[in-house]
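**Q** Starting from the structure of chain A, add chain B where the hints point.
Protein chains: 2
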Amino acid sequence: MSSKLVQSIDPRTFEAVELDVRSTTSAELDEVVAGALEAGEQLASANPRERADLLGSMASALQDDRSDIVGAADRETALGPARLHGELDRCIGQFGHLADVVVDGAYLEATIDHAGADQPDVRRLMVPVGMVAVFGASNFPLAFSVPGGDTASAIAVGCPVVVKAHPSHPQTCLLAVRALRRGAVAAGFSDRLVTLVFGESIGRALVGHEDVSAVGFTGSARAADALQRAIAARARPIPFYGELGSVNPLVVTSAAAAERGDEIARGLLDSFTLGNGQFCTKPGVSLVPEEHASRFVSVLRAGLAGREPGFLLNEAIKAAFVERTTSWRESARPWIGDENPHTAGTSVSAGVLVVDATDVQRDASLLDECFGPVTVVVRYGSLGDAISVLAAVPASLTATVHAGSGSDPDAVRLLAAVMPGAGRIVWNGYPTGVRVSWAMHHGGGSPAATNPQHTSVGATAVRRWLRPLALQGVPDALLPVALREANPLGVPRRVDGAMVPRP
Amino acid sequence: MSSKLVQSIDPRTFEAVELDVRSTTSAELDEVVAGALEAGEQLASANPRERADLLGSMASALQDDRSDIVGAADRETALGPARLHGELDRCIGQFGHLADVVVDGAYLEATIDHAGADQPDVRRLMVPVGMVAVFGASNFPLAFSVPGGDTASAIAVGCPVVVKAHPSHPQTCLLAVRALRRGAVAAGFSDRLVTLVFGESIGRALVGHEDVSAVGFTGSARAADALQRAIAARARPIPFYGELGSVNPLVVTSAAAAERGDEIARGLLDSFTLGNGQFCTKPGVSLVPEEHASRFVSVLRAGLAGREPGFLLNEAIKAAFVERTTSWRESARPWIGDENPHTAGTSVSAGVLVVDATDVQRDASLLDECFGPVTVVVRYGSLGDAISVLAAVPASLTATVHAGSGSDPDAVRLLAAVMPGAGRIVWNGYPTGVRVSWAMHHGGGSPAATNPQHTSVGATAVRRWLRPLALQGVPDALLPVALREANPLGVPRRVDGAMVPRP
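The listed protein sequences correspond, in order, to chains A and B. Heads up: the first sequence is residues 62 to 564, going by our numbering. Heads up: the second sequence is residues 62 to 564, going by our numbering.
If we strip away everything but chain A, and leave its shape as in the complex, we get:
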């Protein structure tokens, strides 16, 4: 059976180019998986220093291919070279950060309880789960796709990766995986530790494959559902780590609005239009005190007036955006912004819908995520109204509070109100922009993510690809190296209850 050539589409013009690659067949998938498993054995047995060098080599290869990768990504996503160069910098930084995490060694959680009276010697460490399937997002063709955090964090801790190419940027995927594989070979590893598969139905086949041990996913709830159904049909259950997008409430106290309402409105405009509104951390609902709302909205209106329309990532995203914003424009509620759609490619204009707290109580769809450059401003009367609206917002990746510079008891109450439903609290800032660092948590409760204990950004992203293993009475020479008495890897360990830092 010969399969279709993969098409690469320019969202600015809808021009389609056929790539020299076909949809992956199930026989090919079996081969890919077998190759990845074999490559994974070498990877899992490599020591942390070797895996850190591997990550560094992959990052260098991405850097070498920067111009081709950014060019393809710009043609396929219309995100623009400046943003895409920045995104590639982020990818490269992520490989570097994860190399630090691996060399640090604390992620292994090496723990030794020596034998005591009537008690056996027990040792514990985190071991790789096996092969990981990765599904990237349309909105970050680099940092949350082939060379993204899921791929890098899985390889960092010894898991080979098979990536399902994103249909919105297949050429970018192809160039990125070539760089990663060249980097692997240059570091003395097999190029099969990261592989790309293509096609509409291959995603379900991939997550259903008996040799896949975990799935990392960034994308829509609908796509996640289809994969989760395929996983539910497996004989051996595997974890699905999905980051599914989010409403990201932002609330401004009266004190903050009085002090710097104009500045916050301009900051909000920059944030919800960043990447043409296609961030999972976009502030989708912004709560502003009634008495300051008119001025706040006028600043937004002035900012929107000067803006050019922007291209969305693909035709489906444009269709959803136009449908939603058209229904909002046609409602009785104030709409700030131009009409949509525009004729050129996926181009749309940014906008703001203005509603009252009582509207939200009547129409929960106002709290749904709308991908693209739009936010809903909710005017609230009392602090109690604001807290009620926040309680109705679905669990989110982030929640933002803008407080006054002095003592602001309203802000303290709002902080307590948003804490249960958010993975990250942002204070006097904007949620777009996710720092890659040790403390970052980029996750949240359902529907924002499938497992609130895990993150797709930051040092602890590696935890998704690890499981604990205890070993009782195993002779020193047969123990995993990190648990041997002499600590040849020099990893930090907990020994008989006390932390022993790196030697």
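Don't read these hints as lab results, they were simulated from the structure. Among these hints, one or two may not hold up.
Here are the computed distance ranges between Cβ atoms for each label pair [as the list claims (entries may be wrong)]: (1) A/Val542 to B/Ser106: 38 to 44 Å; (2) A/Ala425 to B/Pro549: 17 to 23 Å; (3) B/Met560 to A/Ala284: 34 to 40 Å; (4) B/Ser106 to A/Pro395: 39 to 45 Å; (5) B/Ser392 to A/Arg297: 25 to 31 Å; (6) A/Arg290 to B/Ser106: 40 to 46 Å; (7) A/Ala453 to B/Thr74: 54 to 60 Å; (8) A/Gln124 to B/Gly177: 19 to 25 Å.
One side only, chain A facing chain B, incomplete, derived with CB under 8 Å [as the list claims (entries may be wrong)]: (9) Met501; (10) Thr521; (11) Arg528.
Now the stretches of chain B that chain A is said to cover, found in silico as 3 or more residues with beta-carbon under 8 Å [said to hold, decoys possible]: (12) 176-190; (13) 523-530; (14) 533-539.
Backbone N, C-alpha and C fix where the C-beta goes; we use that ideal spot for every residue, glycine too.
**A** Frame of chain A, contents of chain B only:
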């Protein structure tokens, strides 16, 4: 609607006693949950030292009520006073160990990334998930029931608990929760931070309650299924941490069998009959080299010959045991042991089924868990046969290898073979007996447990009741105390990438 009085049944005589307590109604459940939530606010805001003192006070109250608790548990489970005193010691030790974990503070994973060039200040720590529902096991009426590890680990990190009383030992549950509540009050906490509910249908209502945030469960796969279906119907998904039992393969190499086959056979007999075979870590399948099997089995036969019948926990467990062992006795395969059932109460005799590796390939049911004092001895010809059998064993809480004292390459290969499917590897020992310590992992892949990343015993048992929260740019005074710059709690932290131990 008046509900039924709860019955307490003696498995030795089937004598039933009516307790002065009724099945919990759904209105009462709402009250219990509301009370637990309120108590949880105080608990979550307590500092680690206060929570450690609370655990200590609860342990003291258990100690004070030891005689009543052990007496009731013996009448309801027939496990015998010696075992039950030991189990209460374990409970008390568990409260003490978790107090150490809390005071140590590393479980908070406090992490600070100070602001850098263009980078915000980001801080992360683990926060309690909210109210926890606990379902204990029949086979550990103390250590895996009301005063067990799930309850203790949840309270340790700030989560109030509602326990569903086990129908096989309701009186024991009642006495234990009274002690825990008295201990809570003595430590200055509300007695509503741990509550007991009773009844057949209340378990599903409890896990379906919107204010429950996580579930800890130890018991059968069938009971777990019913609860998981109730959870799947919730509007807000919550995690279900189930420990469901396990086959626990044990394999003896030729070298080990030649050196000390008799000793291993006697050790295996003690292990699979411990607690009358009612351990989730019971070795259910034991692989012995063909050439040593006849002698190995003769040692088992001699050991079994001298054994008195023992009582199982309840009538349902006896019925399942008798059905399974009767079909085995009636098969063409060698059966070592007396006939079952015995007439007195739940009494049964221990036994061993002897099969060949080829039998296992034909009949996968030989690898199912059978609760009670029985193990399946599998005679294997080649090492490859042993590895094939091990590959067919479902994922287990433990896997045990008995190796020769010198170089034993077979043992090394078997170690590699059992590693992917086990949560804990035991070397030259027996899997029954789970040390309560920092390094213990008591968990495994499906079907042994619902989430291979978590454990129900050991320091990391607390992770099930925590989720990460990141805070970006939040003023020092509003930060959770563990993240404030001055570190007033003195917890170990990672600051700008480097571990900073306790001051």
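**Q** With chain B as the partner, please determine if arginine 528 of chain A meets the hint condition of a C-beta pair closer than 8 Å.
**A** holds (5 Å)
**Q** For the hint on methionine 501 of chain A, does the least C-beta distance to chain B fall short of 8 Å?
**A** holds (6 Å)
**Q** Answer holds if the nearest beta-carbon of chain B is closer than 8 Å to that of threonine 521 of chain A; otherwise answer violated.
**A** holds (7 Å)
**Q** Between valine 542 of chain A and serine 106 of chain B, does the beta-carbon spacing fit 38 to 44 Å?
**A** Given a distance of about 42 Å, which is inside 38 to 44 Å, the answer is holds.
**Q** Verify the CB-CB distance for alanine 425 of chain A and proline 549 of chain B against the hinted window 17 to 23 Å.
**A** Once the Cβ atoms are compared, 42 Å apart, the range 17 to 23 Å for proline 549 of chain B and alanine 425 of chain A is violated.
**Q** At the C-beta level, are serine 106 of chain B and proline 395 of chain A separated by a distance inside 39 to 45 Å?
**A** Holds, since serine 106 of chain B and proline 395 of chain A (Cβ atoms, about 42 Å apart) stay within the stated range.
**Q** Go check the stretch 523-530 of chain B versus chain A for me, would you? Three or more residues, Cβ under 8 Å, otherwise it fails.
**A** holds (count 5)
**Q** The hint says 54 to 60 Å between alanine 453 of chain A and threonine 74 of chain B; measuring C-beta to C-beta, is that right?
**A** At 57 Å between Cβs, range holds.
**Q** Is the coverage entry for the stretch 533-539 of chain B by chain A consistent with the three-residue Cβ rule at 8 Å?
**A** holds (count 5)
**Q** Look at the Cβ atoms of methionine 560 of chain B and alanine 284 of chain A and judge whether their distance stays inside 34 to 40 Å.
**A** At roughly 39 Å between Cβ atoms, alanine 284 of chain A and methionine 560 of chain B fall inside 34 to 40 Å, so the hint holds.
**Q** Is the distance from the Cβ of arginine 290 of chain A to the Cβ of serine 106 of chain B consistent with 40 to 46 Å?
**A** holds (41 Å)
**Q** Given a hinted range of 25 to 31 Å, is it respected by the beta-carbon distance of serine 392 of chain B and arginine 297 of chain A?
**A** Between serine 392 of chain B and arginine 297 of chain A, where Cβ atoms are some 29 Å apart, the hint holds.
The structure shown violates just one earlier hint, number 2.
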